[in-house]
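Here the protein sequences come in this chain order: A and B.
Sequential numbering from 1 applies to the first sequence in my numbering.
Sequential numbering from 1 applies to the second sequence in my numbering.
Treat the hints with care, since some could be wrong.
[Said to hold, decoys possible] Dumping the calculated BS3-like pairs for lysine-lysine here, alpha-carbon to alpha-carbon at most 30 Å:
(1) B:K22 / B:K2
(2) A:K188 / A:K151
(3) B:K105 / A:K147
(4) B:K75 / A:K68
(5) B:K105 / A:K68
(6) B:K22 / B:K190
(7) B:K75 / B:K105
(8) A:K147 / A:K132
(9) B:K2 / B:K190
Read the hints as simulated data drawn from the structure, not as lab findings.
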Amino acid sequence: MLASRIIPCLDVSNGRVVKGIKFQGLRDTGDPADLGGAYEAQGADELVFLDVSATVESRDTQLDTVRKVRERMSIPITVGGGVRKVEDARALLEAGADKVSMNTAAVLNPELITEVAEQFGRQCTVVAVDAKRTEDSWEVVVSGGRKPTGKDALDWIEEAANRGAGEILLTSWDQDGTRSGYDLDLLKAASERVQVPIIASGGAASSQHLFEALQAGADAVLAASIFHDGDMTVGDVKRELAEMGVRVRP
Amino acid sequence: MKRVAICSTGIANIASVQAGFKRTGAESFLTEDADVLASADYVMLPGVGSFNAGVERIDSLGLREALIERIESDKPTMAICLGLQLLSEESEEGAGVGLGVLPQKVERFTDSVRVPQFGWNQVEARGSGYLEAGWAYFANSYCLREVPAEWNPAYATYDDRFVAAIERGRVLACQFHPELSGPWGIALMKRWLEG
């Protein structure tokens, strides 16, 4: 049977790994290829790498980074940040990404999801959704959480899946950076709404948090600071999850 | 140095396949030339996009006969993901006639599970050829359930049992991505290259 995936996330800016609280106050913690290789050795199931500063000018740096990471790794790599058109996705895939993640550009132009899925297949197409709690639901926010969109997050997830997203990378904007656990209600609602896999993101600080997200319906759990800080390896977390009864790849 | 001709049926994760071969110590290059595919020491048929698009691409480039001939004459040939599905006759994914090496129809996973299947699944193999038991990375919505008796299958379980890989002589076809299955997958590619 399929194992639950544990996915370290590297936030990258200008070719270096950073991780800030709510994407602000970035601090430098290393080389993406070094960290990626270390995570693979620890037992990471995939690597997500988000270019948090992606601009037109930094495009070549980003592609170069993807090439370097690819050379070091033989597990799947998802790259997001700055994917605005089909050609951006193509360049990332040619550089060595296995999947591309789209966020703001997909909200502004949902047809982008359809085009990328048609060109490269559903298995390459990831839609990242940043969701913020409202009174009775969740709203999609974009541009690093600064801009509300008025879109209902669950409706958007469903539309993204219908348009060809192969999986949804779902970040709780309320929980991200808090280290107090994922938004479990959001994960439950999203996983019930669509058939494609849901990757939980935002708020993880312990194996217990990962366990709760998987119980709530997530198919994979993404975490950054829990691993970057060096307190726990991916292997440590997997052993703890296995003890809790989660099926993980040893 | 061993050189692998990668059949250029699209782009997707070709870079990962090439990085994978590099790790085994082999070189790889892309080609869409039927003569090159017919005469190459090693050929890889990667899998990207949909069944129909794959079939159309093979036919528009005139590669059908060269690929079938390789497989039927037991020349070293590997297929990955959609590449395996293209060996069958047809697919529930849409119209289009596959290479027909396998007289099977590719089926979609049932709605009892998440589709696509994304992630690591356990492969059960009998270990008489290249295939060994282990964990492999899958990214597929469609699969084969059975294979003809002359092929040695390895299975995995998702909604139900499905074909994780098959081999016959020097031909190896994987539903999973060996190039993304860590050291286990790279070792499989290496065994195939070494014969």
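Hint by hint, here is what the structure shows:
1. B:K22 / B:K2: Measuring from Cα to Cα gives roughly 10 Å; hence the hint holds.
2. A:K188 / A:K151: holds (19 Å)
3. B:K105 / A:K147: Since the Cα atoms of B:K105 and A:K147 sit roughly 48 Å apart, the hinted pair is violated (cutoff 30 Å).
4. B:K75 / A:K68: Given pair B:K75, A:K68 is violated - Cα atoms ~33 Å apart, limit 30 Å.
5. B:K105 / A:K68: violated (39 Å)
6. B:K22 / B:K190: holds (10 Å)
7. B:K75 / B:K105: Given that 30 Å is the threshold and the Cα spacing comes to 24 Å, the pair holds.
8. A:K147 / A:K132: It holds: about 11 Å lies between the C-alpha atoms, which stays within 30 Å.
9. B:K2 / B:K190: Holds, because 11 Å separates the two Cα atoms, which is no more than 30 Å.
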